[in-house]
Amino acid sequence: MAGAGVIDEYVTALDRRLRGPDPVKDDLLAEARDSLHDAAAAHRDRGLAEEDAQRRAVAEFGPVTTIAREYQGLLGLAYGTRTLRSVMLVLPLAYVMWELNRAFWIGAWDDFDAPPPDWYLTVARFNDASAWLVAGAAVLALLVGRRLARTRVSTVTLARLAGVVAVVAVGVSLLGTVAILAATAYLDAARLFLSLPVTAASAVSLAVALRLAVLARRCVVFSSV
Amino acid sequence: MKSDALRGHLDALLLATLDGGQLHGYAIIEALQRRSGGALDLPTGTVYPALRRLETAGLVASEWSTVGGRQRRTYRLTKAGQRALDAERTAWREFTAAIEGVLGGGPWPAQA
Chain A
0 MAGAGVIDEY VTALDRRLRG PDPVKDDLLA EARDSLHDAA AAHRDRGLAE
50 EDAQRRAVAE FGPVTTIARE YQGLLGLAYG TRTLRSVMLV LPLAYVMWEL
100 NRAFWIGAWD DFDAPPPDWY LTVARFNDAS AWLVAGAAVL ALLVGRRLAR
150 TRVSTVTLAR LAGVVAVVAV GVSLLGTVAI LAATAYLDAA RLFLSLPVTA
200 ASAVSLAVAL RLAVLARRCV VFSSV
Chain B
0 MKSDALRGHL DALLLATLDG GQLHGYAIIE ALQRRSGGAL DLPTGTVYPA
50 LRRLETAGLV ASEWSTVGGR QRRTYRLTKA GQRALDAERT AWREFTAAIE
100 GVLGGGPWPA QA
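Protein sequence lines correspond, in order, to chains A and B.
Per numbering that gives the first Met the number 0, the first sequence starts with residue 0, numbered consecutively.
Per numbering that gives the first Met the number 0, the second sequence starts with residue 0, numbered consecutively.
None of these hints come from the bench; they were simulated from the model.
Keep in mind the model is a prediction, meaning the values are calculated, not measured.
We put the CB at the ideal spot given by N, CA and C, even for glycine.
Treat the hints with care, as some may be off.
[To be verified] Ranges between beta-carbon positions, derived for each pair: (1) B:Asp-40 x A:Pro-22: 57 to 65 angstroms; (2) B:Gly-103 x A:Trp-131: 38 to 46 angstroms; (3) B:Gly-7 x A:Leu-174: 40 to 48 angstroms; (4) A:Leu-92 x B:Ala-97: 52 to 60 angstroms.
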């Protein structure tokens with residue numbers, strides 16, 4: 000094998016073992032490649048031939064399985080952090096947009112002839128609170144994660160924690176959205192179609208929750224090492 | 000030096016190498032090896048994840064910049080990182096002083 004291929008082969012093997020957001024992965028691999036070429040250059044300066052210099056650099060960098068585990072932890076953590084930030088921002092925004100839409104196009108819910116039953120109000124309050132509770136949980140998780148990153152807690156563990164919080168948070172949000180839609184359909188399905196903009200906003204809220212569920216699932220996949 | 004013993008102090012060692020200014024990854028590895036007299040034999044590939052974790056913790060910041068005509072990711076201490084390094088140094092001095100008092104200075108005099 001030509002000497003120029005030793006580093007390339009190592010980086011390719013590392014690449015194959017990693018799953019996660021491409022920009023972060025490409026950045027990590029570019030830095031690893033740079034470091035290996037720097038190390039190989041240092042060994043060449045000490046008199047080693049090109050291929051031997053690259054083999055020494057690769058050996059010093061560490062076994063690809065060991066290094067891949069550490070890098071995968073970083074990728075999982077990066078994805079988990081990004082997902083929690085999305086949860087923190089998107090869910091309250093979707094909730095506020097829906098409420099503004101409803102207030103503008105329909106007005107207050109209590110304009111209806113008959114007041115809704117208690118069970119419906121419970122579901123509605125749960126859905127109203129869930130956006131803020133879930134966003135608060137995401138903020139708390141990000142702050143705690145930042146503190147834990149200063150301890151000896153590994154990036155793999157941090158990534159798993161982020162994934163668990165993301166799954167629970169998105170699950171609660173999705174449950175709230177589905178519950179209020181189902182409850183409204185059961186109580187009076189016509190209310191779901193009172194106003195096209197509000198119906199569209201409801202569809203957007205559901206789509207946002209489903210999209211976040213996909214992201215949360217990926218958090219778990221990427222933090223699995 | 001055993002990797003396990005080193006790993007427990009890796010964060011502090013990385014912060015210390017950045018105390019003099021920003022460095023790219025391989026320069027940090029060279030500084031670690033030079034300042035330890037070559038005793039630090041940790042796989043160099045583990046240094047980068049450690050640096051990124053310190054970045055997540057807000058103790059270092061990084062950016063791509065041109066060094067020696069090449070694009071490299073360079074790292075620097077943040078203010079929080081500087082405070083963390085100062086705290087690590089203080090804790091290390093207290094620890095080594097305590098251990099030196101017990102282990103240093105040769106055999107203890109026999110008790111009367």
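Results of checking the hints against the structure:
For Asp-40 (chain B) paired with Pro-22 (chain A), a C-beta distance near 32 angstroms fails the hint of 57 to 65 angstroms. A hinted range of 38 to 46 angstroms is violated for the C-beta pair Gly-103 (chain B) and Trp-131 (chain A), which are about 58 angstroms apart. About 42 angstroms separates the C-beta atoms of Gly-7 (chain B) and Leu-174 (chain A), a value consistent with the hinted range of 40 to 48 angstroms. Separation of Leu-92 (chain A) from Ala-97 (chain B) is about 54 angstroms and conforms to the stated range, judged on CB atoms against 52 to 60 angstroms.
When the structure is compared with the earlier hints, violations turn up for hints 1 and 2 and for no others.
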